[in-house]
Amino acid sequence: MNFKGISFYLSLFCFPIGFLAFINILYASYFDFFLSINTYFITLLISLSIGSGLLYFGKKSKRNLNFFEQLILVVSSYVLTAILIAIPFYLSNYQVTFLNSIFESTSGLTGTGFSIFKNIKYLDPTLILWRSSSQWIGGLFFLFFLIIVFSNKSFDYKMTNLTYSGENNFNSKENIKDNILRIFIIYSTLSIIILTLLNISGLRLFNSLNMTMTLISSGGFLPTDNIEKIIGTNFQKIIFLFSLLVSMMNFYLLFNLFNKKTLIKEHKEDLYLIILSIFLFILIYFNNYKGIDIIISVVSSIANSGLSLVKTDNNLSLYFLLITIIGGSLISNTSGIKFTRFYILLKITSSEIIKLISPNSIINKTIYNSEKKISDENVKISFLIFISFFLSLFILSSFLVIDNIGFEKSFKLSILTLTNTVNSEMYNMQNLNFSNLLTSSKISLILFMIIGKIELISIFLIFKKILFKD
Numbered sequence: 199m200n201f202k203g204i205s206f207y208l209s210l211f212c213f214p215i216g217f218l219a220f221i222n223i224l225y226a227s228y229f230d231f232f233l234s235i236n237t238y239f240i241t242l243l244i245s246l247s248i249g250s251g252l253l254y255f256g257k258k259s260k261r262n263l264n265f266f267e268q269l270i271l272v273v274s275s276y277v278l279t280a281i282l283i284a285i286p287f288y289l290s291n292y293q294v295t296f297l298n299s300i301f302e303s304t305s306g307l308t309g310t311g312f313s314i315f316k317n318i319k320y321l322d323p324t325l326i327l328w329r330s331s332s333q334w335i336g337g338l339f340f341l342f343f344l345i346i347v348f349s350n351k352s353f354d355y356k357m358t359n360l361t362y363s364g365e366n367n368f369n370s371k372e373n374i375k376d377n378i379l380r381i382f383i384i385y386s387t388l389s390i391i392i393l394t395l396l397n398i399s400g401l402r403l404f405n406s407l408n409m410t411m412t413l414i415s416s417g418g419f420l421p422t423d424n425i426e427k428i429i430g431t432n433f434q435k436i437i438f439l440f441s442l443l444v445s446m447m448n449f450y451l452l453f454n455l456f457n458k459k460t461l462i463k464e465h466k467e468d469l470y471l472i473i474l475s476i477f478l479f480i481l482i483y484f485n486n487y488k489g490i491d492i493i494i495s496v497v498s499s500i501a502n503s504g505l506s507l508v509k510t511d512n513n514l515s516l517y518f519l520l521i522t523i524i525g526g527s528l529i530s531n532t533s534g535i536k537f538t539r540f541y542i543l544l545k546i547t548s549s550e551i552i553k554l555i556s557p558n559s560i561i562n563k564t565i566y567n568s569e570k571k572i573s574d575e576n577v578k579i580s581f582l583i584f585i586s587f588f589l590s591l592f593i594l595s596s597f598l599v600i601d602n603i604g605f606e607k608s609f610k611l612s613i614l615t616l617t618n619t620v621n622s623e624m625y626n627m628q629n630l631n632f633s634n635l636l637t638s639s640k641i642s643l644i645l646f647m648i649i650g651k652i653e654l655i656s657i658f659l660i661f662k663k664i665l666f667k668d
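Counting in this note's numbering, the final residue of the sequence shown is number 668, and the numbers go up one at a time with none missing.
For the record, the hints were derived by calculation from the structure and aren't laboratory data.
One or more hints might be untrue.
Derived SDA-like pairs (lysine to any residue); straight-line CA-CA distance at most 20 Å [as the list claims (entries may be wrong)]: (1) K663 to D354; (2) K578 to N359; (3) K571 to E550; (4) K427 to L393; (5) K663 to F265; (6) K545 to Y470; (7) K563 to L544; (8) K375 to F343; (9) K607 to L516; (10) K427 to L439; (11) K607 to Y470; (12) K578 to L543.
Assemble the whole structure, with the sequences as input and the hints as a guide.
Structure representation (structure tokens):
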């Protein structure tokens with residue numbers, strides 16, 4: 199095992215946390231929030247110290263990591279960064295326990311949005327900003343993993359090759375640098391666009407900044423207790439809907455918009471997602487639920503954000519909950535099983551039925567009628583992901599049902615955890631108090647928030663490699 203190589207790359211995830219701490223120090227200094235400024239100084243020093251130590255340990259290492267070492271790097275980076283992000287929560291004046299701090303930081307890092315805090319409006323503004331920035335940096339890290347690590351053809355269970363035509367080679371330093379720079383530029387550009395639009399819509403700069411970091415990462419943290427206090431006018435709702443669409447669709451849509459003429463050809467997955475959103479909206483529309491609020495709820499569910507302006511009375515909560523399982527584009531910050539995997543399973547199933555009816559029929563096995571074909575490996579992985587999702591759902595529900603929250607809430611919470619979706623009023627889960635959950639429930643939620651992001655199959659692969667060494 200190349201521990202020094204893992205250490206080198208792991209150190210690179212510490213320095214951005216230090217940078218976020220430095221930003222908060224500047225913010226606290228400018229607005230005279232000196233009561234909590236020491237917590238960010240401590241976070242800055244610890245992040246830089248750990249990062250420097252890991253960098254020193256791995257500076258003379260071989261930088262080439264095999265696929266399993268990359269998986270260990272991903273899991274390790276989630277654990278380490280969650281601990282670093284938890285420091286300001288733990289050292290704050292709100293008497294947050296260490297476990298609750300880790301819970302809050304993991305929720306932000308994975309873009310889930312579960313929170314142990316009540317009455318957000320009474321929180322220190324610097325801590326609100328820190329919560330939101332944890333989502334932003336978590337979304338950026340996940341995109342790094344998605345394009346650089348999970349695009350590895352050794353075991354492409356993320357299947358990014360079906361919707362991404364870029365060349366990826368983790369063994370090439372220049373290729374890694376190019377991909378990281380490219381991702382950072384696109385991610386930052388999208389963030390600036392959303393921030394600008396939210397400001398134009400009339401939101402306060404503070405709320406616009408926090409909402410931007412939440413929406414771009416498909417997160418669920420809000421700078422206030424109620425989203426209706428932020429999003430009120432129809433124009434603001436349209437910008438909100440646009441931001442959700444951005445996080446739901448292919449991350450490279452903006453890049454290809456300026457660099458490719460055949461935009462639709464490269465983004466048929468996004469076209470299908472929009473068509474699906476319209477279809478789901480129409481289903482509700484004819485059930486006497488009208489307005490842009492419902493469109494936002496549908497897109498928010500597919501995008502695994504969960505933020506909604508709709509208050510349900512249990513008539514639609516399960517409906518929206520099931521939509522979250524679908525997920526958005528393969529190359530996005532969304533979680534869930536993913537729309538493309540459902541597409542593959544449905545297409546192959548229909549193809550097998552056609553074969554039985556008409557054995558001489560010619561079966562089209564392309565993805566979205568493009569030049570890329572659905573391989574047998576894609577089908578196996580899609581089915582395996584489908585099974586592992588429901589296996590995770592069963593395991594997590596079994597842990598949660600021990601807590602005194604009831605079977606229905608345990609089941610709903612498990613789905614929301616595995617899809618990294620916030621427990622909003624849309625799912626009738628807003629009254630859940632995470633700080634009162636059992637320690638076993640909190641630990642289970644922390645683990646499965648990470649598993650929901652990187653998927654259970656990656657954990658199986660790591661254990662397989664460790665237990666059955668070649």
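Taking the hints in turn, this is what the structure says about them:
no. : hint         : result
1   : K663 to D354 : holds, 16 Å
2   : K578 to N359 : holds, 15 Å
3   : K571 to E550 : holds, 16 Å
4   : K427 to L393 : holds, 18 Å
5   : K663 to F265 : holds, 10 Å
6   : K545 to Y470 : holds, 14 Å
7   : K563 to L544 : holds, 12 Å
8   : K375 to F343 : holds, 13 Å
9   : K607 to L516 : holds, 11 Å
10  : K427 to L439 : holds, 16 Å
11  : K607 to Y470 : violated, 32 Å
12  : K578 to L543 : holds, 9 Å
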